Amino acid sequence: MIMTSKDNRPKGDLLDQAMRQSYQECNPLFTTIEITLDCNLKCKHCYNYDREEQNVPNGQAMSREEILETIAAVAAEGALFICLTGGEALLHPHLEDFIQEIIKQHSVARLKSNGLLLNEKKIERLARLGVDLIDISLYGASEESYRNFTGSGSAFTRVMNAIDACIAQKMNISLSIILNRSNIHELDAMVNMAREKGVSFQFSDEITSRYDGDTAPQQLALSEADYEQLLKGPFSEYFNHYNDDNTFQCNCARSVCGISAFGEVYPCIGAPLKSGNLRNQSFAQIWKESKVLNDIRNIQKEDFKECNKCDFKNYCNRSSGGIYINTGEYKGCDEDSLMKARVRSKVAAEDS
Amino acid sequence: MEKVKIKSRIAFKKIAKETYVFDYYGQGKGHKLNEVASFIWHLLDGSNTLESISQKMTQEFSVDRMTAQSDLECFINELKSLELLSGNDNDQQRQSA
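Residue numbers (our numbering), protein chains in the order written: chain X, 1 to 352; chain Y, 1 to 97.
Watch out, some of these pointers could steer you wrong.
Unchecked claim - Label-pair restraints from in silico Cβ distances: (1) X/K197 - Y/F61: 17 to 27 Å; (2) Y/K3 - X/D214: 31 to 41 Å; (3) Y/K3 - X/K121: 53 to 63 Å; (4) X/S282 - Y/S47: 21 to 31 Å; (5) X/E196 - Y/K14: 33 to 43 Å; (6) Y/Q27 - X/K305: 42 to 52 Å; (7) X/A72 - Y/K3: 40 to 50 Å; (8) Y/Q27 - X/R128: 12 to 22 Å; (9) X/K274 - Y/E2: 32 to 42 Å.
Keep in mind that the hints were calculated from the coordinates and are not lab data.
In this text, all values refer to a predicted model and were calculated from it rather than measured experimentally.
Where is the CB? At the ideal position from N, CA and C, for every residue including glycine.
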């Protein structure tokens, strides 16, 4: 047999193998490209910049041609899944060109979106082009929550309509529930909505500083009491984490890569360590030779000095990218990570 | 001389010596190709004849011409049965739909 295995579930075992092998071989299997910083919402937690203040970062965003070249370059290095994000990816006037290029490069096209611009016609078009998955962020279960968090008065209804339209057209979607202090009271409603519609979902409870250093979004992060409530609530399985083997390293710079709207290559879109700019070097060169990326790949368990001596390390689910944004230390710790590990440990002790 | 080409909407990437193939837009199946299959797969871009591919196989691997041709034929038939190659009737129907 030349073909060594078959899998009726491409998102199952075989993908796990590809992920493991990509980690070992440093293959950027999951690459996210920020195609625009423009957005039609003003989310309070946005890591790009404070959209109320309009402190738009300096720099010239990548052109259509530069993004097309970037797609080809990351695909050539092994990016099987190319996720286009923003800002709001659907605002980009050349989005369809990018999707076509991803398919042409024999990669899988995915989008991250707030969902507002998804209507029947747009979904049909995206499906026809070959978009495999749209990951829609969910910021609440009411118009009021959306208004408070995103600054839009009608966004919730539009997002619900978009989700229904995706389901009707069999577009593969998942919901990223962005949990924070302002919407945690709607957790049940958000989960019930997703379950009733039969849509997969995951939680994101990590609210970091902005990439420009503005710490304001952290005020929205879940409190210790919120987190304890989550761990004792009906969805505790999503928030519990056992790190018995004390793994502190993630997939950054190995099977994951991120590229900013300005062409900066990052070890992950959530870990903005500038590793090289595509305007100065090729992606292949940066991916293989960047000191920043190679330093991350060479991090050993003992390099996480704070983690190794932490009393709560067996419950730690640290995100090196988030910690880097909040503290400037990739291998360090931050208050949010420590708090969550501490609460997990406490709740586990109470349960035993 | 027959030239064979992979369907345009097949996602695949080579990781180390193996190639992962995901037919997301067709049968929804995934496949992992070993080193020899990977070598052949990446030559199936429509520019190589089967004759030239089997010749390249003998240069790359320690196999004689007959064995290479036999393995290649077997692999191509497998790919055809899985509808991973362009030119299949089903492919044409799907693309025109």
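Y/S47 and X/S282 - C-beta distance against the hinted 21 to 31 Å: holds, 25 Å
Do the beta carbons of Y/Q27 and X/K305 sit within 42 to 52 Å of each other? holds, 50 Å
Should the hint that X/K197 and Y/F61 are 17 to 27 Å apart at their CB atoms be regarded as holding? Given range 17 to 27 Å: violated, Cβ gap about 51 Å.
When you take the CB atoms of Y/K3 and X/K121, is the distance between them in 53 to 63 Å? violated, 39 Å
Satisfaction of the hinted span 33 to 43 Å by the C-beta atoms belonging to X/E196 and Y/K14: Hint holds: Cβ distance 42 Å, inside 33 to 43 Å.
Between Y/K3 and X/D214, does the beta-carbon spacing fit 31 to 41 Å? violated, 57 Å
Is the hinted range of 32 to 42 Å satisfied by the C-beta distance from X/K274 to Y/E2? 50 Å Cβ-Cβ, so the 32 to 42 Å window is violated.
Kindly confirm whether 12 to 22 Å is satisfied by the beta carbon distance between Y/Q27 and X/R128. Given a distance of about 19 Å, which is inside 12 to 22 Å, the answer is holds.
Determine whether the Cβ-Cβ distance between X/A72 and Y/K3 falls within the hinted range of 40 to 50 Å. violated, 24 Å
Comparing the model with each numbered hint stated earlier shows that hints 1, 2, 3, 7, 9 do not hold.
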